[in-house]
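> Heads up: the protein sequence lines correspond to chains A and B, in order. At position 58 of the first sequence (counting the first as 1) the number is 58 in UniProt numbering, and the numbers step up by one without a gap. At position 97 of the second sequence (counting the first as 1) the number is 97 in UniProt numbering, and the numbers step up by one without a gap.
If you are wondering where the hints come from, they were derived from the structure by calculation, not from laboratory data.
Where chains are identical, the list cannot tell them apart; a pair therefore holds if satisfied intra-copy or between any two copies.
Calculated lysine to any residue pairs in the SDA-like style (CA-CA distance at most 20 angstroms, straight line):
#1 Lys72 <-> Ala105
#2 Lys72 <-> Ala91
#3 Lys72 <-> His171
#4 Lys72 <-> Glu163
#5 Lys72 <-> Arg84
2 protein chains.
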Amino acid sequence: MLSCVVLWSGRRGSRELPRLRPRVAPTSLTRVDFTELVPEPIAFLGQAAYIQLEAFENLARAVATAPSLGAKEGLSAAAGVALRKHHDLIAELRRSGVEPVEVMAPFAPATDRFREASVGADWYELLLGIYVTTGMLDGFFARLSEGLPNELADRVRRILAEEGASQVLRHELERAIAEQPGLADRLALWGRSLVGDTLLVARSALRAAEPSGRIDEDVEPVFTELIADHTRRMDALGLTA
Amino acid sequence: MLSCVVLWSGRRGSRELPRLRPRVAPTSLTRVDFTELVPEPIAFLGQAAYIQLEAFENLARAVATAPSLGAKEGLSAAAGVALRKHHDLIAELRRSGVEPVEVMAPFAPATDRFREASVGADWYELLLGIYVTTGMLDGFFARLSEGLPNELADRVRRILAEEGASQVLRHELERAIAEQPGLADRLALWGRSLVGDTLLVARSALRAAEPSGRIDEDVEPVFTELIADHTRRMDALGLTA
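Go ahead and model the full structure; you've got the sequences and the hints to work with.
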């Protein structure tokens, strides 16, 4: 059970690792009011759109390397959902009169590195990588979208709410874990190693959302909640987070 | 200018290479009446669906390896179209009460090999591979669908008619050819080398469509027309077919 609180004290973009000793247990926290965080709409849409594109790329890789046609078919539907979310967010950028490619560009290098780091050593690690990272980030961006202007918030909520890859990923991973002794332990370790990088992506989104432009201890509970979600998601697979 | 007539005389599945000396010029041919060919609907849908899935996989690979975000963005839309065609054809199989994965399975090995053979040595060859193979096969399956039962034929025509990858591929290839001396010659050779394999895929679809189950000289004009289409498509890029 991973139940760390993350402190982001580095103001110069230095990379902080999650502290592993909990200050407070996630269950004892008041739910964070995400509407206090006000994302800058264009940056929000650009980063969210690019993250969906990267999720699509990893899902497409999982389709291409699937060991069975049944798995390929299920994952292809999930890849389609990620791609649709990407294009719907792009459409929101166009509607705002900006060029999506220009808005996404600043987020590309870090997100590309993040995707490459979450690809893993084989198909199962790739699937868990998508499960963990899209699980945390989809939930995070959906909640962050609550602080957008009302109508945009509604549309973004609808875009992000579509059930994506988690069900098919859980299905394939559960089956593989049941069949392959030792896989659960390897995947548990792998899942844990992805948390830090995923939180850094979330952190970079908060930079643009926090009114003062600084990340301070007010947003700690945001990360604590993200990690609690992650733990629940790993539990669902029978994996120790 | 490649204007060969293809004779499929091998009845035992032996692989025939296109004859390179023309018997008749394509322009002198009467248009083939595709409605004389009656595809078996389930096999047609299964093969067409699997071919779209493979086209999607190659497009997704082109997205993941694109040298610019603009190219990535354009190709991602094309990948979405191929995936939608795949899923719409899958939906037609489900509507017929069959399990899509089972219907597609027999087509998977040959189509997988075909896709791997058309990937090419770099991003530009990958793009031309998609341009050439989807160009020929999309047109072929669209015309073959004319022989399906009426209502199904209408729905399949609508599914396959959606403008897919050709425009974005042409755009990216034209730009690259203009910028990189020597690329045109290399791509012309590469495009030519793909024709034989693509015709074999089309031929395997005709096996199920030709009433006698045999491929004989009646269907020669089908292939001649496919090659004429290919030549026009290469011409559009300024490449010698």
